[in-house]
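Protein chains: 4
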Amino acid sequence: MAARKLTRQDLREAAEKYKNWGKWGPQDEIGTLNYTQAEDIVAAARLVKKGKVISLALNFDNNGPQGAKSKYPAMGRINPVHTMLRTGTDAYSGVLDHRGIRASDDMVVMPLQCGTQWDGLGHIFYENYMWNGYDCREVTSAGAQKCGIEKTKSKMVGRGVFLDVPKMKGKDALEDGYAITCDDLDKTAKAQGVTVKRGDFVIVRTGQMERCLSEKKWGGYAGGDAPGVKFENCYWCHEKEIAAICTDTWGCEVRPNETKDANQPWHWVVIPAMGLCMGEIFYLKELAEDCAEDGIYEFFFCGPPLIITGGTGSPINPQAIK
Amino acid sequence: MAARKLTRQDLREAAEKYKNWGKWGPQDEIGTLNYTQAEDIVAAARLVKKGKVISLALNFDNNGPQGAKSKYPAMGRINPVHTMLRTGTDAYSGVLDHRGIRASDDMVVMPLQCGTQWDGLGHIFYENYMWNGYDCREVTSAGAQKCGIEKTKSKMVGRGVFLDVPKMKGKDALEDGYAITCDDLDKTAKAQGVTVKRGDFVIVRTGQMERCLSEKKWGGYAGGDAPGVKFENCYWCHEKEIAAICTDTWGCEVRPNETKDANQPWHWVVIPAMGLCMGEIFYLKELAEDCAEDGIYEFFFCGPPLIITGGTGSPINPQAIK
Amino acid sequence: MAARKLTRQDLREAAEKYKNWGKWGPQDEIGTLNYTQAEDIVAAARLVKKGKVISLALNFDNNGPQGAKSKYPAMGRINPVHTMLRTGTDAYSGVLDHRGIRASDDMVVMPLQCGTQWDGLGHIFYENYMWNGYDCREVTSAGAQKCGIEKTKSKMVGRGVFLDVPKMKGKDALEDGYAITCDDLDKTAKAQGVTVKRGDFVIVRTGQMERCLSEKKWGGYAGGDAPGVKFENCYWCHEKEIAAICTDTWGCEVRPNETKDANQPWHWVVIPAMGLCMGEIFYLKELAEDCAEDGIYEFFFCGPPLIITGGTGSPINPQAIK
Amino acid sequence: MAARKLTRQDLREAAEKYKNWGKWGPQDEIGTLNYTQAEDIVAAARLVKKGKVISLALNFDNNGPQGAKSKYPAMGRINPVHTMLRTGTDAYSGVLDHRGIRASDDMVVMPLQCGTQWDGLGHIFYENYMWNGYDCREVTSAGAQKCGIEKTKSKMVGRGVFLDVPKMKGKDALEDGYAITCDDLDKTAKAQGVTVKRGDFVIVRTGQMERCLSEKKWGGYAGGDAPGVKFENCYWCHEKEIAAICTDTWGCEVRPNETKDANQPWHWVVIPAMGLCMGEIFYLKELAEDCAEDGIYEFFFCGPPLIITGGTGSPINPQAIK
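Which chain is which? The protein sequence lines are A, B, C and D, in order. Start counting at 1 in the first sequence, then tack on 9, and there's your number in our numbering. Start counting at 1 in the second sequence, then tack on 9, and there's your number in our numbering. Start counting at 1 in the third sequence, then tack on 9, and there's your number in our numbering. Start counting at 1 in the fourth sequence, then tack on 9, and there's your number in our numbering.
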């Protein structure tokens, strides 16, 4: 299909059409996480059948996708810097004994979005507004006074549904620049025998991260070309009433952008208008292997944010429990 | 009871008697987390009956227990410092538009043990050794090469059991310096109709944090006097074969120390000898209220660490799911 | 004297009357540092007569005025956090030898204004403007695009003049809240046999820091009540055409503020309107003793900023050389 | 000349032969900085003749030699991360007005040796010893208890002598791997009409940094091949009794190393045995141009360290004043 180029007007219309402002009241700060109900959590827990826990996080360290090995060390994001406050070598050297205990201790300096993470609802603005119509000036140098990540502290739990798109297509990974259509997602769900429902945490695999890991270089992973959801995906998320969407890429949506008129156009709509949190840089290799093996693509999902008050995102270690 | 003072010899004997080195093989780096089996996780998931998720974390911010408001700003631990890389005020001022997207972004500087956290197995040494007999020199300025917190990335899941000790004693909070006995824990479990089992994540409430929060001052919370488990508790943990123990205090064990010969004597035994991780600075108010209301003191526990490679601990947002 | 309360109108008039915008061209970003000419530097160098170098900095460490020991841990400023990347204990433990060299290395996390520092011209705005009429939106989350401290990289050199006000008044230290008048400064200069001239770096002692140091508590040093220059001092600075003014206090001007209508009213005028940099938290004990001993209150001053691009201030170790 | 390969035995002998331990008493922590006497400082000040101040520092920012653009992002050193605590965009947005002042403020995270810097005497160990025979265990995770950079707070002042080696050789820059001999230095001094004396701060230009800057890529600058002083230079420094040596490279000495038996063999001798501080990553373009123009290669040098207590180095903005 010779697709018409996406325009600012398309963005405006999509933002208007799929805007959820006010849907959960004027004070709401968590958006589509409201879709997940208590009964969904109970049902999701019933999916735990073999007692297997799979971490969906990349280790946080200097081998991460930011910085040194990336062509796109953009915008102040660096890999985590982990330093020690006390060490075992201090202990060995006898310099800690005056305290009566030999202990190590440590510290980290990290951008909240340097690795596996949530994008919170304070992360993206549409013009001067953020989710639910809050003024963008609520996010100051002192942090997000509205929609801070701490508001989601007990909300990142529910049914996880895994959509392994390259598997459906018979590939190891989607190529950079491939735009995942709504039809792709539906076909993948069907092929895997799973139905996406209201309140789900949908996790979409592209295989890009695994390709980078196996090649031992991140290349353009952090901000360069990537497979990802097509702009039309905002309609899909809206219709399905999902709680959140997560991928194994830097920015969920396809790169390069589908338009020259906006950077990350899908972000413009889903975060500020729809109120949808997204998970990025998820490590999905182990989950993909397990699902391929047992044929079960749904599970209990628990991805609690680190509740940094006023954070616009959070590094995480999400858990798929089967 | 005029208790005999704890001596270094007592520590040595306890460390020797309850040492689990080699129990899970010479390569093991996760200790008692091995107690939790797949079937325990499945059974724990069955405890999710009303679909309620309770966060057990304190917000990570400048109001935390370290630093400015503590009399014990010890050892380089500060409250988290959250700074912004881009803001909504930047967006409002129009300075982000050249990138084609209005986004905020942020960074944190934080000691791994500044708030709600896991103590990993690389945190405490007994003489020149850490868990499973590893040389303490495995924890260098470059981090923990053995027993790093990343080794537990999918292991902090299982049955949570909540022991509300002050409630059993008819109090709001235990007083500072009160040493919780094994008998206290057993009585609390009995009063609450729950039995501690192999592989459990045991969460002990003292009420100290809530007292600090209601008084709006941390005082000696971070390192000063506190209620906490008595040294004999290492015997209890060993016998029960629990996976981990967590409290709402800075250091789990009673303060001041039960001896002048060692600082935090219980730590000396449980971490390096027994291989028991511990959770500290847990926020238990909401959990206590919920359990008091429904009378159910067991739940699905999911407390994934932030997997900072080589970390000797981790800030967390543990979830109790009922 | 029953002083008339300072009003916003007074500020407005002072800002208007003493505004130097355009004086050094529309592109200027260093303000009154332009007053210091090459011949002044040559003349200042001639003041080096005994070869004595005096540091005017407080050590940068956890004993600094921010944070733990202050009642005013305001606005995200903390004491420096110094952590090691490699240590001598690592060396002793043998863990560095694989690199063929035994070296230690370190890192610091520090607010630029946590200790002895320059306030740069990007630090204070008057309404929507900064020095020389630049738009305040030039200081974004990405730093100061105009008037960054790096612009002053070779400009903090000239004649230093030391005005020891409490000495003139026969005191050890001025009391908190004492407002230093223009007359006080003139009398001090006269008593010390020195004349303030165009392009000078004027260093005013109040004795407050030494009082805090001797009492071993910072109390309200960082933002609380303090001796300091009276609002009228902006007139004095303007008339004398000094390059910069420095004190041993947190904020140079008297605290509490001379008005309820503005916080730090003198700052409003001198930085954005006049273009005057100021040095704060200078350690003046040793300089005071030396000047008292030799009776010479002028010297070669060299206080180079750490040129953090886009910095609105800088930690420093200024040198008085006699 | 077919040079004999440097051996460990050579290092041992050089360390033994040129060791200054005890020369300035058993308590000394500043080494060869003792060579600079008061009269040298007075004489150096007389060199200020045209009132020109030249900064010898590279800006501290994300364009620095560490990290993203280097092939050698080694050992945890990153470029500085500068973040804002309050901004002009906050001011513009009106969110600061509740404090009654519109101010910006900022913070930095930086390795002490990420840019223009001093290597302090706590930076390198020879076996288990540091300068003056102090035990290397004096440098713990809590910093350098001996020979911390703060000990040099008023000692980095004296006569600067600039040796522009490539200029003497008729080149823009020395090639990577070129080892500067003692003879090269002597010839350069002679060609420039300057004599190196006791207590001098000797600044050696290789031109490598300027080549990197003009090519707009750092390549192997931070740890890769580089021109630099030959091992024999330790004899030269010893004989000349200089205070410190500085270059425009990452590590002063030639890279690759002159031996396989040690990494940075010259460092092994000059820092721990001789007690010589060194300046690295100096920006010398402007100084080179000025000296070429006026033919004067000596000046007043003032390079005060940032006195981070226990620092083993310090970022600096050294000043050459002519």
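It should be emphasised that the hints constitute simulated quantities derived from the structure, not laboratory data. Treat the hints loosely; a few may be bogus.
No copy labels: a pair is met if it fits in one copy or bridges any two.
[Stated by the list, open to error] Below, in silico cross-link-like pairs of lysine-lysine (DSSO-like), each with a Cα-Cα straight-line distance of 27 Å or less: (1) 61 x 32; (2) 59 x 269; (3) 269 x 14; (4) 61 x 206; (5) 178 x 32; (6) 59 x 32; (7) 176 x 199; (8) 199 x 225; (9) 28 x 164; (10) 226 x 28; (11) 294 x 164; (12) 269 x 32.
Comparing the hints with the structure gives:
Taking identical chains as interchangeable, the C-alpha atoms of residue 61 and residue 32 lie at most 27 Å apart only when they sit on different chains, with a minimum of 22 Å there against 37 Å within one chain. For the identical chains of this complex, residue 59 and residue 269 are neighbours neither inside a copy (48 Å) nor across copies (48 Å), given an alpha-carbon limit of 27 Å. Within a single copy, residue 269 and residue 14 get their C-alpha atoms as close as 9 Å, which meets the 27 Å cut-off; across copies the closest is 57 Å, which misses it. Taking the closest pair of Cα atoms, residue 61 and residue 206 come within 27 Å of each other both inside a single copy (23 Å) and across two copies (19 Å).
Taking the closest pair of Cα atoms, residue 178 and residue 32 never come within 27 Å of each other, the shortest separation being 37 Å inside a single copy and 46 Å across copies. For the homomeric pair residue 59 and residue 32, the shortest alpha-carbon distance between copies (24 Å) is at most 27 Å, but the shortest distance inside one copy (38 Å) is not. Within a single copy, residue 176 and residue 199 get their C-alpha atoms as close as 12 Å, which meets the 27 Å cut-off; across copies the closest is 51 Å, which misses it. For the homomeric pair residue 199 and residue 225, neither the shortest alpha-carbon distance inside one copy (33 Å) nor that between copies (52 Å) is at most 27 Å.
In this homomeric assembly, residue 28 and residue 164 come within 27 Å of each other (Cα to Cα) only inside a single copy, at 21 Å, whereas the closest approach across copies is 39 Å. Taking the shortest Cα distances, residue 226 and residue 28 never come within 27 Å of each other, neither inside one copy (39 Å) nor across copies (43 Å). With identical chains, the CA atoms of residue 294 and residue 164 are at most 27 Å apart both within one copy (25 Å) and between copies (18 Å). Taking CA atoms no more than 27 Å apart as the test, residue 269 paired with residue 32 passes in neither setting, with 32 Å inside one copy and 43 Å between copies.
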